[in-house]
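A.B. asks: Each step along the sequence shown adds one to the number in the numbering used here, with nothing skipped, and position 54 is 58.
It should be emphasised that the hints constitute simulated quantities derived from the structure, not laboratory data.
Keep in mind that this is a model prediction, so the values were computed, not measured.
In this text, a Cβ means the ideal position worked out from N, Cα and C, and glycines have one as well.
A few of these clues could be false.
[What the hints assert, rightly or not] Label-pair ranges, simulated between beta-carbon atoms:
#1 I55 to P6: 42 to 48 angstroms
#2 P43 to Q66: 29 to 35 angstroms
#3 V16 to V42: 34 to 40 angstroms
#4 V63 to G7: 33 to 39 angstroms
#5 E72 to S41: 18 to 24 angstroms
#6 L58 to S38: 21 to 27 angstroms
#7 P43 to I8: 38 to 44 angstroms
#8 F36 to A56: 21 to 27 angstroms
#9 F9 to I29: 26 to 32 angstroms
#10 P43 to I22: 32 to 38 angstroms
#11 T11 to P40: 32 to 38 angstroms
#12 T59 to L32: 16 to 22 angstroms
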Amino acid sequence: MPGIFKTLTTIVAWVLFIFGLLRLIIGLVMAFASGPSVPPTGVYLDFAVGIASLTLSAVVMQLRRKLE
């Protein structure tokens with residue numbers, strides 16, 4: 005396999021990882037900003053998107069390992 009595929013999978017994995025961490029941080033900030041009341045639905049969506057993104061980054065890294 006050409007080396008470009010390894011490079012692309014590495015870039016995609018890092019982008020997904022950073023995006024997932026940012027979404028989790030944004031969700032935490034929104035949860036704390038809502039105070040003692042029930043947090044808005046967007047907080048739960050941020051957590052779901054963040055966890056999904058982190059999971060996908062792990063899957064992409066497994067694919068990258070198989071490309072070697």
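A.B. asks: Quick check: does the Cβ-Cβ distance between P43 and I8 fall within 38 to 44 angstroms?
C.D. replies: 43 angstroms, holds
A.B. asks: Could one say that the CB atoms of T11 and P40 fall in the range 32 to 38 angstroms?
C.D. replies: 48 angstroms, violated
A.B. asks: Is the gap between the beta carbons of T59 and L32 within 16 to 22 angstroms?
C.D. replies: 18 angstroms Cβ-Cβ, so the 16 to 22 angstroms window holds.
A.B. asks: Using the Cβ atoms, figure out if P43 sits within 32 to 38 angstroms of I22.
C.D. replies: 24 angstroms, violated
A.B. asks: Can you tell me whether the CB distance of V63 to G7 sits inside 33 to 39 angstroms?
C.D. replies: 21 angstroms, violated
A.B. asks: Given a hinted range of 29 to 35 angstroms, is it respected by the beta-carbon distance of P43 and Q66?
C.D. replies: For P43 and Q66 the Cβ distance comes to about 33 angstroms; the hint holds.
A.B. asks: Cβ-Cβ distance between E72 and S41: within 18 to 24 angstroms?
C.D. replies: About 50 angstroms separates the Cβ atoms of E72 and S41, which means 18 to 24 angstroms is violated.
A.B. asks: Hint says 34 to 40 angstroms; check whether the CB-CB distance for V16 and V42 agrees.
C.D. replies: Since the Cβ atoms of V16 and V42 sit about 36 angstroms apart, the hinted range of 34 to 40 angstroms holds.
A.B. asks: Starting from the hint 42 to 48 angstroms, judge whether the C-beta atoms of I55 and P6 obey it.
C.D. replies: 32 angstroms, violated
A.B. asks: Taking 21 to 27 angstroms as the stated bounds, is the beta-carbon spacing between L58 and S38 within them?
C.D. replies: The hint (21 to 27 angstroms, Cβ to Cβ) holds, given that L58 and S38 are roughly 23 angstroms apart.
A.B. asks: At the C-beta level, are F9 and I29 separated by a distance inside 26 to 32 angstroms?
C.D. replies: 31 angstroms, holds
A.B. asks: Between F36 and A56, does the beta-carbon spacing fit 21 to 27 angstroms?
C.D. replies: At roughly 22 angstroms between Cβ atoms, A56 and F36 fall inside 21 to 27 angstroms, so the hint holds.
Hints 1, 4, 5, 10 and 11, counting from the list given before, are not met by this structure.
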